[in-house]
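Colleague: One line per chain: the protein sequences are A and B, in this order.
For the first sequence, the working numbering gives the first residue as 16, with consecutive numbering after it.
For the second sequence, the working numbering gives the first residue as 161, with consecutive numbering after it.
Everything labelled a hint here was simulated from the structure, so no lab data went into it.
Given the structure is predicted, the values throughout are model-derived calculations rather than measurements.
Don't take each hint at face value.
[To be verified] Straight-line Cα separation of at most 30 Å, BS3-like style, residue types lysine-lysine; simulated pairs:
id	chain 1	residue 1	chain 2	residue 2
1	A	152	A	214
2	B	366	A	285
3	B	353	B	283
4	A	502	A	374
5	A	433	B	215
6	A	285	B	215
7	B	283	B	306
8	A	445	B	215
9	B	459	B	315
10	B	353	B	436
11	B	283	A	285
12	A	445	B	182
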Amino acid sequence: MTVAKTAEKQAHVGLRPPVVNDFSIVVATVNGSGSQTSNVALLRALFRMGIPVGGKNLFPSNIQGLPTWFLIRVNPDGYTARTEVSHILVAMNQATLAEDLSQLPGGGVCIYPDHFKLSQAREDVTYYAFPLQRLLKDIEVPQGRRDYIANMAYVGVVAQLLGIELDEIRRALSTHFRGREEPVRSNMAMVEAAAEWAKANLVKQDPFRVERAGKTDGLVLMDGNTAAALGAIYGGVGLLAWYPITPASSLADALTDYLPRLRRDPHSGKLTCAVIQAEDEVAAAGMAVGGAWAGVRAMTSTSGPGLSLMAEFAGLAFFAEVPIVIWDVQRIGPSTGLPTRTSQGDILFARFIGHGDTKQTLLLPGTVAECFEFGWRAFDLAERLQMPIFVMSDLDLGMNIWMTEAFVYPDVPMDRGKVLSAEDLERIGKFARYADVDGDGITYRTLPGTDHPLAAYFNRGTGHDETADYSERPEHWEGNLQRIWRKLETARSYMPAPVLREKHGARIGLIAYGSTDSALSEAQDLLAASGMPVDYLRLRSVPFTSQVGDFIRAHERVYVVELNIDGQMRQLVQLEYPEQAARIRSLCRSDGLPLTASQVITWVRAREVK
Amino acid sequence: MASTSALETARPAGTNLVGLEKSDYRGLPTTLCQGCGHNSIASQIVAACYEMSIKPERTIKLSGIGCSSKSPAYFMSRSHAFNSLHGRMAPIATGAVLANLSLKAIGVSGDGDTASIGLGQFKHLVRRNVPIVYIVENNGVYGLTKGQFSATADKGQVIKSQGENPFLPVDICMEALVANCGFVARSFAGDPKQVKELIKAALGYKGTAVLDIISPCVTFNNRGESTKSYSWGREHVDPLHDVTVVPMREEIQVDYDAGQQTTVELHDGSRVLLQKLSRDYDPTSRAGALALLEEARAKQLLITGLIYFNEQQPPLPEVQNLVESPLALLPAEALRPSRESLEAILNENR
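Just chain A, with the same shape it has in the complex (with noise of 0.2 Å):
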């Protein structure tokens, strides 16, 4: 039997009460070695038997052969942020086991195949190995999957460890190969002989275990960029143009997986979207500009690097008002950065991006039934507002998958904004390009192909006058910047108010926006447990709508939580709100990680309690 070796001095671990569906399980593994596909299993069987589950995933940028870990944490209130720690470790990397195994609680559990050299173990560890090689031996595993199988053991043997159902492992499997029998049948038969010899083998001494509990009814199991992906096919893009780049190139693949499915033309069987994989991200913002301009939904998503090479196109679209989406799913940067780990840091640079006086609009995803909903609000907002609309996810949002609120089919039809056709042209006899008509400084577009001699304007990035003509006059300058500032305030009535979650009693506030929205809720919660409540308004938009200056108001001190070196968003709400600003503080962390409610807890106390 491969018991753990220390089992007779850590028997009265059994004795522990149980811990259920109240727990963080580590899978350290080598990148390229397919345990994505075991990992998602385990969440998604967590998932589908109702319990609240959220899985991060800890990546090198490396094709093959990098240690890898991905965090899997269950909660029975629904709490899926990122713990510091991890009470069970998966080690199946050789490389990282001795720190990996550092990194355990005492009381933690290691579970591990049996030729793994395991030196210096701790005795505060319940073991488990398993004879990993001898499971392959045994089964027949199809050429050249072995790697891929082998990740399956450890999904057997957690599975029976911790009561996870097989039959709802075998329906996560059935999701993730679309249904397709073959790869299911063979992962199963690995995923079954691993746990039928846990079951025989294994003395469960642990208090780990997870239960049914029906929190998950009605929620979907997604992460960011699919969901942004969807959220543009319903918003109606015509146009994706993108160039490669981590975190965001998954949401141009999603977008190009789901749109023969859900935008081809039941006549001609054609597609009604274009896609189009751009030589760099000059060119991709370029044709999304070009498109926009003649009249499509145009897009592009990126990452920082990319949005650095945008800057001109943007500069461009904001002041010739054209009409397009950016999707900034951040990493960690400067530079190349760290490009698989996550970040807040573009928030300045997106929000005043190209020379002279711009500054443009941002959306704040926090979620990813958000992520859906802003896909395809952008478009409306772009529109409508005739301005480029930048999306601020990042790569956590983005690219780990989240337990999220089913997405809400759009509640309004598509706003396309000020469009003169050729009908309303003859109608009102005259057309200038850049005339503010409505006094609300949005003024009126007509598309390029519009069959009326008075249709035609020519849009540039130099000088204009109300028609669109070349101008050099002060006048002409200033008042039309002084048209589109007009226009930035219209647009403030436009945007997505922030969400704002109280607790009677706070004196202290907390701002923060996008994927930290776990980890802010959760702290909150615990602090208002421990007799500490504090506010939290999470915002949605830059601009900021009214509320945000209410809040900040109604606190006596406001923190403004983010993951960047020293707090960005903190000075765009210090800018908005001067005579504020003393009361505005930052809390920032700049380390890659997706943000813990424990470190803001830790904040909040170290600052406040006295």
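Mind docking chain B on chain A? Use the hints.
Modeller: Coordinates of chain B only, in the frame set by chain A:
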């Protein structure tokens, strides 16, 4: 030469097949230097579009930044235009034609715009066969910034402010050809008739048509020793053939000498008649075209005419497998999938 057909004689004098007068193709007055080759080319674009009966409202004019890129303002004011970023006409054009494949795109760029800052984007536009008439007004210098060398400047050329240019020039036709362009032509602004006929041929072509037009800069690069000057051009111009384009729906009525003439059919039904001059030349041979450009380079000849023609490659919108109706004009019902389809996707992700 082609003469008028029955169809043509039936319409009012001074109008074309779409009922427009030549003045309907006018642009704003030029602000370029007097005598600039670009002005002459703008006039020929007007004439070509008029003669090809192309509706200005169905045309888009695109450019990058530079003297050449200003020129879309000087022709066809009834067409939408986009004067974009330096070197970035190509992606703007790519996006625009994907958005509305029913529009005829005319791009005007320069040698700095296309061969220096925009060379990468230019080659990718050609590689994708984006449907556009891509005119390069090639003068070898940056005019707007006061006469610096561009990438097409002659090796050994001397400019007072910069000294001698030590680098060999980029040959725009060669770049187009090696990027698999199916319509490659070179012309000289001092030969307006040929410029016009080649633009007409390009307008009837279904993919990327590249026209490298030597267009002298009278202010910064018009000295006799420059290959981009009027006098050098006039002395060295060596047309491959006499080009005449017969627009679609018009009949060819010419004295036909089979041994002396090649006819190229364009996909829109127009025909390009190439009357042989001094040399035998087959514009459908890519190897022949490459050899010709090499010969022109080695002997410093200004060989003009239709250098290469091949309409086999599908243009970008065809490759994209898009619906026939322009994407920009699709109604919301065609763009937003059903509520049920979303429900199905959500169920698959549970």
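Colleague: Indicate, hint by hint, whether the structure satisfies it.
Modeller: Evaluated hints:
| no. | hint | in the structure |
| --- | --- | --- |
| 1 | A:152 x A:214 | holds, 19 Å |
| 2 | B:366 x A:285 | holds, 20 Å |
| 3 | B:353 x B:283 | holds, 28 Å |
| 4 | A:502 x A:374 | holds, 11 Å |
| 5 | A:433 x B:215 | holds, 25 Å |
| 6 | A:285 x B:215 | holds, 28 Å |
| 7 | B:283 x B:306 | holds, 27 Å |
| 8 | A:445 x B:215 | holds, 20 Å |
| 9 | B:459 x B:315 | holds, 14 Å |
| 10 | B:353 x B:436 | holds, 16 Å |
| 11 | B:283 x A:285 | holds, 28 Å |
| 12 | A:445 x B:182 | holds, 23 Å |
The structure is consistent with each of the numbered hints, conforming to all of them.
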